[in-house]
Amino acid sequence: MKVLTPAGEPLDLMTVNVGPSHPATHGTLRIFAALDGETIVASALEMGYLHRGFEKMVEQGTYSMVLPYTDRLNYCSAMMNNIGFCKAVEKMFGVEVPERCIIVRVILSELSRIIDHMVCTCTNLVDLGALTNFWYFFNTREEVYKIWEKLCGARLTNTVTRIGGMYRDVYPDFASDVAGVLLKIESAVKEVRGLIEKNKIFIDRTRDVGVVSAADAISWGWTGPCLRASGVDRDLRKDEPYYGYDQYQFDTVIGTTGDTFDRIMVRIYEMIESVSICRQALGKLKPGPINTTDARLSLPSRDQVYHDMEALINSFKLVYEGVRPPAGECYDATEAANGELGFLIVSDGGTNPYRIKVRPPCFTQYAAYGAMIEGGMLADVAASLGSINIIAGELDR
Amino acid sequence: MSAHPPAAAAHGASTAITTQAIQPGLSAEQLLAKLAHFNPERDPRDRWGLTVIVPASRLREVVRHLRDDAELRFGMLLDVVGIDYLAFPDHRGARYAVTYPLKSVAYRHRVTLKVWVEEEDAKVPSLHDLFKSADWAERETWDQYGIVFIGHPNLKRLLNHHEFVGHPLRKDYPCQKRQKLSTNDPMVDQLEAQLKRRGYTVVERGEAHNGVPISAVGSVPLGDRTTATVKTSGGAGAVGAGAPATTGAAGAAPAGTVAGAKS
Amino acid sequence: MTYKPVPAGVTPEINLGDSFITTRVDAVVNWGRRNSLWPFPFGTACCAIEFMGVVSSMFDISRFGAELVRFSPRQADLLIIAGTVTYKQAPVLRRIYEQMCEPRWVISAGACATSGGFYDCYCTVPGIDEIIPVDVYIAGCPPRPEAFLEAVVQLQDKIAQESIKEQRTVGV
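Chains as they are written, first to last, in my numbering: chain A, 3 to 399; chain B, 146 to 408; chain C, 8 to 179.
Wrong hints could be hidden among the right ones.
[What the hints assert, rightly or not] Listed next, the in silico DMTMM-like pairs over lysine to aspartate or glutamate satisfying Cα-Cα at most 20 angstroms (straight line):
{"hint": "1", "chain 1": "B", "residue 1": "K325", "chain 2": "C", "residue 2": "D127"}
{"hint": "2", "chain 1": "A", "residue 1": "K148", "chain 2": "C", "residue 2": "D67"}
{"hint": "3", "chain 1": "A", "residue 1": "K288", "chain 2": "A", "residue 2": "E312"}
{"hint": "4", "chain 1": "A", "residue 1": "K89", "chain 2": "B", "residue 2": "D191"}
{"hint": "5", "chain 1": "A", "residue 1": "K4", "chain 2": "B", "residue 2": "E349"}
{"hint": "6", "chain 1": "B", "residue 1": "K322", "chain 2": "C", "residue 2": "E137"}
{"hint": "7", "chain 1": "A", "residue 1": "K148", "chain 2": "C", "residue 2": "E153"}
{"hint": "8", "chain 1": "A", "residue 1": "K93", "chain 2": "B", "residue 2": "D191"}
{"hint": "9", "chain 1": "A", "residue 1": "K4", "chain 2": "A", "residue 2": "E376"}
{"hint": "10", "chain 1": "B", "residue 1": "K325", "chain 2": "C", "residue 2": "D136"}
{"hint": "11", "chain 1": "B", "residue 1": "K322", "chain 2": "C", "residue 2": "D127"}
{"hint": "12", "chain 1": "A", "residue 1": "K93", "chain 2": "B", "residue 2": "D188"}
{"hint": "13", "chain 1": "B", "residue 1": "K325", "chain 2": "C", "residue 2": "E105"}
[What the hints assert, rightly or not] To give a feel for the contact side, a few chain A residues facing chain B, derived at Cβ under 7 angstroms:
{"hint": "14", "residue": "L6"}
{"hint": "15", "residue": "F34"}
{"hint": "16", "residue": "A36"}
{"hint": "17", "residue": "D38"}
{"hint": "18", "residue": "A44"}
{"hint": "19", "residue": "H53"}
{"hint": "20", "residue": "R157"}
{"hint": "21", "residue": "S221"}
{"hint": "22", "residue": "G223"}
{"hint": "23", "residue": "K359"}
{"hint": "24", "residue": "R361"}
[Claimed, not checked] Chain A side only, calculated, beta carbon under 7 angstroms to chain B, not exhaustive:
{"hint": "25", "residue": "M3"}
{"hint": "26", "residue": "K4"}
{"hint": "27", "residue": "V5"}
{"hint": "28", "residue": "G50"}
{"hint": "29", "residue": "E57"}
{"hint": "30", "residue": "K58"}
{"hint": "31", "residue": "D241"}
{"hint": "32", "residue": "P243"}
{"hint": "33", "residue": "E331"}
{"hint": "34", "residue": "C332"}
{"hint": "35", "residue": "Y333"}
{"hint": "36", "residue": "L346"}
{"hint": "37", "residue": "V348"}
{"hint": "38", "residue": "T353"}
{"hint": "39", "residue": "R357"}
{"hint": "40", "residue": "A369"}
What the hints contain is simulated information worked out from the structure, not anything from laboratory work.
Even for Gly, the Cβ is constructed at its ideal location relative to N, Cα and C.
If we strip away everything but chain A, and leave its shape as in the complex, we get (with noise of 0.2 angstroms):
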């Protein structure tokens, strides 16, 4: 493609797909970049590659039916979305879950914002250069996913929690397992910091590449990791605490430069932060109810249901209708672990819902990197592209 510069020379530049069958897109995403030489002049990006309907198809079913879809939005990390979409509607029940099932969610929460994180990290790596991460973490995901097999059979997908509570409680040994795999993520998180945090090439390929000032992050839209990378002090968990985080102690990572190597140190020491959040909560974990009994989202207990009429008329209208939260519409948010995982429900009083939105993180920082790529070097689109954690599922719906 021939062009002129804005200085009036001519300059012959090359078109380059990146993506949308790339090993550094993670997910399916497409950068069509103008270069001169190595530099990216112009790009344009193009998403939707994975755009599946999740919000045309949560309206076909009832509030129930949302949750699988709602595990394959971020499915690193698919708890997340359980325990965010579960959270919002319960906020519109106005029904507040059981202390126990509070803290549990707090602690699948963080164990998932973890797991998240180390994908992010070790595939950001790979991309460098840095394989040996990736079989640190992966190993650690594998113990952490021995857990959630325990818990409720899946992986990956989990769809662990039920609007009201959880599927069902944890399994006796959860505690002393979750205690076990804390102490082998922070040996992972400590071996891969070895290896990267003082290593020459890493810092030259990650420092000062692909800044966003506070500003342009806030203008963007950014939450999560990526904007405290860019030095901006919001953490969901401590503005607007929500299930008890307020009576945790830790730290929110805070970056300085808002580059690259910012956005993968602060999710690094984010694990660190989630595993001391986890102790304390396991700390606090007590017997007790793990489900709400609110009469609107449990099923009352079978001697109940074959003794007492009423109880009999709520079973069946649950089992066959679902949950009917009241009419209006909602938006609640959670931090995730990409940042601000919105979702704003609208219900007709039904048994559908009448529209759901879910608010990406990653929608708006992979808008941003249009912006974040121009003027850097083509090897530059890996490294950048990685550190924004991009989870197709959730970007696209």
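Here the structure of chain A is known, so what remains is to put chains B and C in place on it, guided by the hints.
Relative to chain A, chains B and C alone:
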């Protein structure tokens, strides 16, 4: 990089917001009071937060006020959400609504703005110059609902493919109505627009882009994978590993043609 | 040099001891092909994360020879589609398949690649066999890594029954 709470950052003006802890925000009543001169109407549908109905004609004013006022400072537009009320029971009024959840980075308050959009005149002013996050969010709402955002620089499909006809999230679009794509969007025009924005003038397109969609060069269009017209030499019978269909690259041209060169 | 005729039943190999193995061409070729499958992970969604788990040390697909994941279709012979394929992605998948050289095989991993999964809507291709031929289907959402390994083993069995006399494909 500092691992733990705010280090002296190297950026300048923005440190004022960023390193400060979040300040308590205004309540819903106080927020409404601050918007009093816009005659805001509170949406009763939102019983859990504050949703303010704003006419499309005043949207940009309200948003600018929310963003720039020192006590409000709604600096982050989280999303642009379209809603189609066609199938909503007992709904009277405009068919569509576009909601804008806003969040403040300085204060602990949130507000959602809602604009009613008529079916016949589905247009809303764009906010892309006020918030960078509005750019793609508005594109998505256009893609899924067909609501035009006046002033948007690049109102193109985002989630669905470029040959898609219709707006799938509308209530009258059947869920299972599939639409095939023959060739991917070459995106040359978008790239050229971006080059223009950066000050470059495009003099000549490369050969690959002249008229021919890039992915069509040398490729076979997606046709129906009907009978496998597998010709085996010497009558050796069925091919071992699954009979792949040929869509007639060597044989008859399929019904849907590929524009331009077929090698 | 005089020629000494070899008596019937005595093959030249007997004099050479264990230096030669006799076999059929097909057996050797298939042995080579099935034990050195080079996968191209066309990972789109959640199944790709499970595929990454298969590649990692706990499940270790390299035991079956399929260690070298190649991200170029020119260098790979096993196309593993792990994840949902949408209509937007379909021409890309088709093009990748076309770029692969023979012999090539396809594994459709997961419910979405096999049948569209539970995304029965306007944007999802109801099974990639609408676009490309598939050798092995893996059920699951996502399939366990052991299921991936089982699929590779089944594919290896399938390859063992092929013959180089048969032309694999024409035209495409």
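Exercise for the section: May I ask which of the numbered hints given earlier this structure violates, with the numbers listed in increasing order? Expected result: 3, 17, 20, 32, 38
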